[in-house]
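Novice: Sequence:
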Amino acid sequence: QVQLAESGGGVVQAGGSLRLSCAASESISRFNVLGWYRQAPGKERELVATITSGGSPFYADSVKGRFTISRDYAKNTVYLQMNSLKPEDTAVFYCNGRRDGFKRVDVWGPGTVVTVSS
1 QVQLAESGGG VVQAGGSLRL SCAASESISR FNVLGWYRQA PGKERELVAT ITSGGSPFYA
61 DSVKGRFTIS RDYAKNTVYL QMNSLKPEDT AVFYCNGRRD GFKRVDVWGP GTVVTVSS
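Quick note, the sequence shown lines up with residues 1 to 118 if you use our numbering.
It is possible that some hints are incorrect.
Unchecked claim - List of simulated lysine to aspartate or glutamate pairs, DMTMM-like, C-alpha gap at most 25 Å:
1. Lys43 <-> Asp106
2. Lys86 <-> Glu26
3. Lys64 <-> Glu88
4. Lys64 <-> Glu46
5. Lys43 <-> Glu26
6. Lys64 <-> Glu26
7. Lys86 <-> Glu44
8. Lys86 <-> Asp61
9. Lys43 <-> Glu88
10. Lys86 <-> Asp100
11. Lys86 <-> Glu46
12. Lys103 <-> Glu46
13. Lys75 <-> Glu44
14. Lys75 <-> Glu26
As the list claims (entries may be wrong) - What follows is a list of derived Cβ distance ranges for each label pair:
15. Pro87 <-> Phe58: 22 to 32 Å
16. Gln3 <-> Thr52: 33 to 43 Å
17. Gly55 <-> Ser84: 20 to 30 Å
18. Arg19 <-> Phe58: 15 to 25 Å
19. Ala14 <-> Lys103: 22 to 32 Å
20. Gly10 <-> Asp72: 20 to 30 Å
21. Arg104 <-> Gly16: 18 to 28 Å
22. Pro41 <-> Gly16: 19 to 29 Å
23. Ser53 <-> Pro87: 28 to 38 Å
24. Pro110 <-> Ala60: 16 to 26 Å
25. Ala74 <-> Gln3: 16 to 26 Å
26. Ser118 <-> Val2: 30 to 40 Å
27. Asn83 <-> Ser56: 19 to 29 Å
28. Asp100 <-> Ser25: 43 to 53 Å
No lab work stands behind these hints, which were simulated from the structure alone. Glycine is no exception: its CB is placed at the ideal position from the N, C-alpha and C atoms.
Modelling step: build the complete structure from the supplied sequences, incorporating the hints.
Specialist: Below you can see the structure in the form of C-alpha cells.
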C-alpha cells in the first residue's frame, strides 16, 4: 500500500506564505487525481485543490488565486503553494491520492498543521 507523508506546515502570520509537500512512497503516476484537503477545528474536512493525471487543476473558491497545486513525478511529490494566508486558512491539511477504476481507492496522509495568526 502506497503511503503519503505531508510536511511544511507551521505557524505563519496573516499575509504570509507556506509551501506544503506530500511525498509518496511509490510513483504518484499510479493516482488519477492528487489533492489537498483541510479540516479546521470543529468543521468537516473540505477539498482545497486537486490536480488530475492530465494536469488539470481545481481549486475551492476560498483559495482560488492564492493557492497553487503542482506535482513532480521525478520526486513523487505533490505541492501546495499557499500565499496571502488568512487566519481562516488555519487547519490540518491532508494529502490525498485517488485511483479510479472498478473500485475507487483513496490514500491519505496523516496531515500537517497550518496555523495562521492575525
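Novice: Taking the hints in turn, state whether each one holds.
Specialist: Cross-check of the supplied hints:
This hinted pair checks out: Lys43 and Asp106 have alpha carbons roughly 21 Å apart, not beyond 25 Å. Between Lys86 and Glu26, the direct Cα distance comes to roughly 33 Å. Violation of the 25 Å bound is thereby established for this hinted pair. Restraint check for Lys64 and Glu88: satisfied, since their Cα atoms lie roughly 14 Å apart, inside the 25 Å limit. A C-alpha spacing of about 14 Å is found between Lys64 and Glu46, which places the hinted pair at or below 25 Å, so the restraint holds.
Between the alpha carbons of Lys43 and Glu26 the distance comes to roughly 31 Å, so the proposed pair goes past 25 Å and is violated. Between Lys64 and Glu26, the direct Cα distance comes to roughly 29 Å. Violation of the 25 Å bound is thereby established for this hinted pair. Using a Cα cut-off of 25 Å, the hinted pair Lys86 and Glu44 holds, with the two alpha carbons roughly 18 Å apart. A C-alpha spacing of about 14 Å is found between Lys86 and Asp61, which places the hinted pair at or below 25 Å, so the restraint holds.
Distance restraint check for Lys43 and Glu88: the Cα-Cα separation of roughly 12 Å lies within the 25 Å cut-off, and the hinted pair is therefore satisfied. A hinted pair counts as satisfied when its Cα atoms are at most 25 Å apart, and Lys86 with Asp100 does not qualify at roughly 34 Å. Using a Cα cut-off of 25 Å, the hinted pair Lys86 and Glu46 holds, with the two alpha carbons roughly 16 Å apart. Between Lys103 and Glu46 the alpha-carbon distance is near 22 Å, which keeps this suggested pair within the 25 Å criterion.
Under the criterion of a C-alpha separation no larger than 25 Å, the hint pairing Lys75 with Glu44 is inconsistent with the structure, at around 31 Å. Simply put, Lys75 and Glu26 have alpha-carbon atoms about 10 Å apart, close enough for the 25 Å limit, and the pair holds. For Pro87 and Phe58, the Cβ-Cβ distance of about 24 Å falls inside the hinted range of 22 to 32 Å, so the restraint holds. Between Gln3 and Thr52 the C-beta distance comes to about 21 Å, which lies outside the given range of 33 to 43 Å.
As the Cβ distance of Gly55 to Ser84 is approximately 24 Å, the hint placing it in 20 to 30 Å holds. Judged by the Cβ atoms, the range 15 to 25 Å given for Arg19 and Phe58 holds: they are separated by roughly 19 Å. Take Ala14 and Lys103: their Cβ atoms lie about 42 Å apart, and the range 22 to 32 Å is violated. Hint check: Gly10 to Asp72, Cβ distance near 21 Å, so the stated range 20 to 30 Å holds.
At about 36 Å, the beta-carbon gap between Arg104 and Gly16 misses the expected band of 18 to 28 Å. Under the hint 19 to 29 Å, the C-beta atoms of Pro41 and Gly16, about 20 Å apart, fit the expected range. For the pair Ser53 and Pro87, the beta carbons lie near 34 Å from each other, so the given range of 28 to 38 Å is met. Distance hint check for Pro110 and Ala60: the Cβ-Cβ separation is about 22 Å, which falls inside the suggested range of 16 to 26 Å.
The supplied range of 16 to 26 Å is met by Ala74 and Gln3, whose beta-carbon atoms lie about 18 Å from each other. Between Ser118 and Val2 the beta carbons are some 38 Å apart, a value that agrees with the proposed interval 30 to 40 Å. For Asn83 paired with Ser56, a C-beta distance near 21 Å keeps the hint of 19 to 29 Å intact. Taking the beta carbon of each, Asp100 and Ser25 are about 20 Å apart, not inside 43 to 53 Å as hinted.
Checked against the numbered hints given earlier, this structure breaks hints 2, 5, 6, 10, 13, 16, 19, 21, 28; the rest are met.
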